[in-house]
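S.K.: Residue 68 in this note's numbering sits at position 65 of the sequence shown, and the numbers go up by one each step.
The set of hints was computed from the structure by calculation and includes no laboratory data. There's no promise every hint is true.
[Said to hold, decoys possible] Cβ-Cβ distance ranges computed for the label pairs, FRET-style:
1) Met51 / Gly27: 38 to 44 Å
2) Gly36 / Ile72: 34 to 40 Å
3) Leu56 / Pro7: 55 to 61 Å
For each residue, glycine too, the CB sits at the ideal point set by N, CA and C.
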Amino acid sequence: MAHPNWNIEGLSDHEVIIARGKFGQNQLNYKSGNTFLDTAIRIAKDPMLILLLVAACIYFISGKVGDGIF
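Model the full structure from these sequences, guided by the hints.
M.R.: Spelled out as structure tokens, the structure:
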């Protein structure tokens, strides 16, 4: 299967310099400090997890250990 030739050309060197000055470098910026601890804290703050832990504590207090573990 032949690929279509659309005669597409890139930017000239001068156009690249102008575009970099106007829009900045073509780079992704991301947070490099995403550690295991940050992820664990984010999971611990999840409302559904907090609700499940509260429900499990209620089961443990009421003596239904099997339901609390489940």
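S.K.: Which of the numbered hints above does this structure break?
M.R.: Of the numbered hints, all hold.
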